[in-house]
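Asker: Sequence:
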Amino acid sequence: MPIPPEILASIDLPGVLDGLPLGVAVLDPEGRVITVNSALERLTGISREEARGVPCRHVIRSGLCFRRCPAEGGADTDIVNRNRARIPVRLSAVPVRDALGRELYRLDIVEDLSALREMERRLEEPGGVGGLVGKSPAMERILRLLPAMAQADAPVCVIGETGSGKDSVAEAIHKLSPRSREPFVRVGCGPTPPQTLEAELFGRRAASGEIVPGALQRAGAGTVYLSDVGDLPEELQVRLVRLLDEGVAVPAGGSAPLRCQARVLASSGASPEELTRLGRLRQDLAYRLGALRVDLPPLRERPEDIEFLLAHFLEVFAAKFRKDVRSFTPKARRLLLAHDYPGNVRELRNIVEFAVMVCTKPAIPPACLPAHLLGLLGQGGEE
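If you read the sequence shown in full-length UniProt numbering, its first letter stands for residue 1, the second for the next number, and so on.
Hints are computed from structural coordinates only; laboratory data are not their basis.
The beta carbon of each residue, even a glycine, is placed where N, CA and C say it ideally should be.
Treat each hint with caution, since some may be false.
Said to hold, decoys possible - DMTMM-like mimics (lysine to aspartate or glutamate), calculated; alpha carbons at most 25 Å apart, straight line:
id, residue 1, residue 2
1, Lys361, Asp324
2, Lys323, Glu301
3, Lys135, Glu103
Unchecked claim - Restraint-style ranges between C-beta atoms, simulated for each label pair:
id, residue 1, residue 2, range
4, Leu22, Asn350, 38 to 44 Å
5, Ala363, Leu20, 16 to 22 Å
6, Gln151, Glu301, 39 to 45 Å
7, Asn350, Asp245, 18 to 24 Å
8, Asn81, Arg144, 19 to 25 Å
9, Asp340, Arg242, 16 to 22 Å
10, Val250, Lys320, 32 to 38 Å
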């Protein structure tokens with residue numbers, strides 16, 4: 001039901017729209033601008049006073065707008081702003097209709113994709129994080145989130161099953177951050193004697209009196225990544241809380257605290273709250289790690305990515321092994337798409353690497369897939 005005119009007139013529409021992070025233009029049924037919000041002003045360089053009454057295509061200047069109006073579902077395109085800069089955006093339209101279905105006005109929503117495109121470009125550079133790929137809505141949301149997280153200094157907790165890409169996310173956050181030129185130091189918190197892990201993380205005082213630097217010192221102003229943080233012994237969790245609060249750490253066997261500038265990232269197979277419930281993570285540490293988090297869905301919950309990843313890794317390993325392998329046979333593809341990938345992206349990657357390595361034909365048949373996979377699926381054969 002449309003908003004009655006008397007109520008609509010009482011609403012501070014520009015004030016409401018200015019609180020939105022996306023660019024918004026309100027259009028009349030003829031496609032002329034009623035108003036725009038401040039986010040769209042910044043994006044286009046055109047003020048709301050200049051835009052009022054102007055055809056939308058002269059404000060949101062995109063080839064898509066000249067050919068046809070953006071679809072309700074959204075379409076990726078470029079716009080050209082006042083300074084003739086080309087900006088990648090996603091355009092979508094939300095029509096507002098009366099009870100008879102007549103359009104009263106329309107909202108054109110403009111989402112700036114510059115940060116996402118820059119991230120994709122940087123991840124594709126030599127040394128980029130090749131494991132962080134995907135085209136599903138879930139992965140796209142994560143890719144949109146990471147550039148903002150990368151600019152912060154607060155800890156980030158990456159949560160996901162084995163093989164889902166937690167390490168790749170941590171590396172991407174570092175690579176996209178202002179700390180990217182500083183070291184990225186990974187510390188595995190898995191089964192390790194506490195004294196060894198303490199020295200690895202906080203450093204230690206040698207018999208000579210010199211301080212042997214740990215990960216926190218070696219990282220400098222970079223990033224320390226704690227994988228499987230739920231395996232960190234409780235006494236070291238207490239010291240990690242102090243580090244996060246005060247920015248200092250005392251090396252093993254030492255007495256004087258050392259200033260630490262590194263940002264801390266962590267990963268786990270379960271959320272901080274679940275780890276606390278299981279008695280594996282102190283609550284005070286869970287609070288500090290849980291403020292910023294990335295939840296990685298398992299591959300079985302994003303089937304759109306499976307075919308994309310199969311093609312991606314096929315191209316990667318065909319180039320690596322210098323083999324003319326271009327596709328999978330229909331039966332092999334069906335088998336691969338039917339698998340639930342308990343090992344997630346890592347398992348899929350290993351399957352494709354093996355298949356390309358042993359295949360001698362342009363199309364990979366089931367016979368070139370790992371035997372354990374064929375056994376799980378109860379399949380075999382050549383085609």
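Asker: Could you work out which of the previously given hints the structure breaks and list their numbers from low to high?
Answerer: Hints 2, 3, 5, 6, 7, 9, 10 are the ones this structure does not satisfy, whereas the remaining hints hold.
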